[in-house]
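Keeping the supplied structure of chain A fixed, place chain B upon it in accordance with the hints.
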Amino acid sequence: MRNPRIRFAVLALLGAAAALFSGCSTTAAVRVRPWERGTLADDTMNPDRDPLGSAMIEHVNFSREAASGGRGVGGSGCGCN
Amino acid sequence: MVTRQTRLPALLRMAAAAAFAALAAGVSAQVAPGSAFPPLAAAGLTGGSLPQTAGKVLLVDFWASWCAPCKASFPVYSQLNAAYADRGLVIVAVSVDESPGAYSAFVARLKPGFATLHDSKQALVKEVQVPTMPTSYLVDRSGKVRFMHPGFHGEQTERELRGEIEALLAEKAPAP
Chain A
1 MRNPRIRFAV
11 LALLGAAAAL
21 FSGCSTTAAV
31 RVRPWERGTL
41 ADDTMNPDRD
51 PLGSAMIEHV
61 NFSREAASGG
71 RGVGGSGCGC
81 N
Chain B
1 MVTRQTRLPA
11 LLRMAAAAAF
21 AALAAGVSAQ
31 VAPGSAFPPL
41 AAAGLTGGSL
51 PQTAGKVLLV
61 DFWASWCAPC
71 KASFPVYSQL
81 NAAYADRGLV
91 IVAVSVDESP
101 GAYSAFVARL
111 KPGFATLHDS
121 KQALVKEVQV
131 PTMPTSYLVD
141 RSGKVRFMHP
151 GFHGEQTERE
161 LRGEIEALLA
171 EKAPAP
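The listed protein sequences derive, respectively, from chains A and B.
The working numbering applies: residue 1 is where the first sequence begins, and numbers increase by one.
The working numbering applies: residue 1 is where the second sequence begins, and numbers increase by one.
In isolation and in its complexed conformation, chain B is listed as follows:
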């Protein structure tokens, strides 16, 4: 028989369970080396077309028009794209700008030689949980994040990226 004394603790237990569920749902795990990168095709990116990434080495860079190191990184990514695209490197630069106009103006001014897309709802960046701006992720041919670069530190980052890209390009593509 359900009495007033037994129903009240049950309600409190349900409230506590709901609260912990909300807490767990609100904290998403950060994408880091070893984990799979979220599929770009399902991220709702706008502002351009997504290149073919299956079986390729993928460099995903999160940037914003208000971020000075992001601006400094674009010429380097253009050089990397020119050097390694033929061997299987795909660079996708994802803007987290809240304003579509800021995204378009930045791309029009810098004219990057690689794919740029706009995460206008900031859904992908929230899922990835980048630690700082900019942050780039090197994803191997199987879709797993292998290297992560928080921030852009000029020649040091470029040197590290070149070594890592060479290593990933030398790996064989996984069997279909």
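Excised from the complex, chain A in its bound form:
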């Protein structure tokens, strides 16, 4: 590998491979572990923590957009038990 271009290409390839495999070696990017769900369990992560506010938004959507429903998707919680 006396040619600097080839040496650069090989090093770049090795760097990309290392980055790719190190990403695969930790599953943190794939799934939030049970002990890491403190932030998800926080009340501020609950989209329906204000029932009156949710009802008003629903009313506005219905009145102005003739749209209703579709807000029942859960997105928070600690996933315990």
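For the record, the hints were derived by calculation from the structure and aren't laboratory data.
Yeah, the Cβ is synthetic: ideal placement off N, Cα and C, and Gly gets one too.
Treat the hints with care, since some could be wrong.
Okay, the calculated beta carbon distance ranges per label pair [said to hold, decoys possible]: (1) A:S68 - B:G154: 34 to 42 Å; (2) B:R109 - A:I57: 50 to 58 Å; (3) A:A17 - B:E166: 49 to 57 Å.
Chain B alone, transformed into the frame defined by chain A:
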């Protein structure tokens, strides 16, 4: 003689070996019945003192202040501790809270009758790889995990724990 043609595949083989080694190191095995429980004394736990566990039946519970079933489990563990501590049961509840303040506030509010410790760096829980919160492990007098309870399901879990604790307490301690 090392030429350009022979050196390049060798480098690629080394890169592949390093990548697989990193992959293997990143995936640790889950602690399950039949395996030895990691030593608590070496886990760097804070927030209290570790009770003497050698030769005892050990119940290790992983909990967090944001986990509702964990809160429900504490009165039951207090009852178990009161019923079996004299016969050799030690309960250690390990918090996985990221915030020391959340750990302290939870313990101050519930005032459990058993030992609570804080895994502030989440090192032990990563080693154990708990499947859900809470999860408790019953360890026999020789240090081997015998029973595991993912989640806390009220009276059902309590009934199972009592039977298992009775069985483990009836076993003889291993010879030193």
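Structure-based check of each hint:
1. A:S68 - B:G154: 34 to 42 Å: Roughly 38 Å apart at Cβ, these two residues keep to the hinted range, so it holds.
2. B:R109 - A:I57: 50 to 58 Å: Roughly 35 Å apart at Cβ, these two residues miss the hinted range, so it is violated.
3. A:A17 - B:E166: 49 to 57 Å: 55 Å, holds
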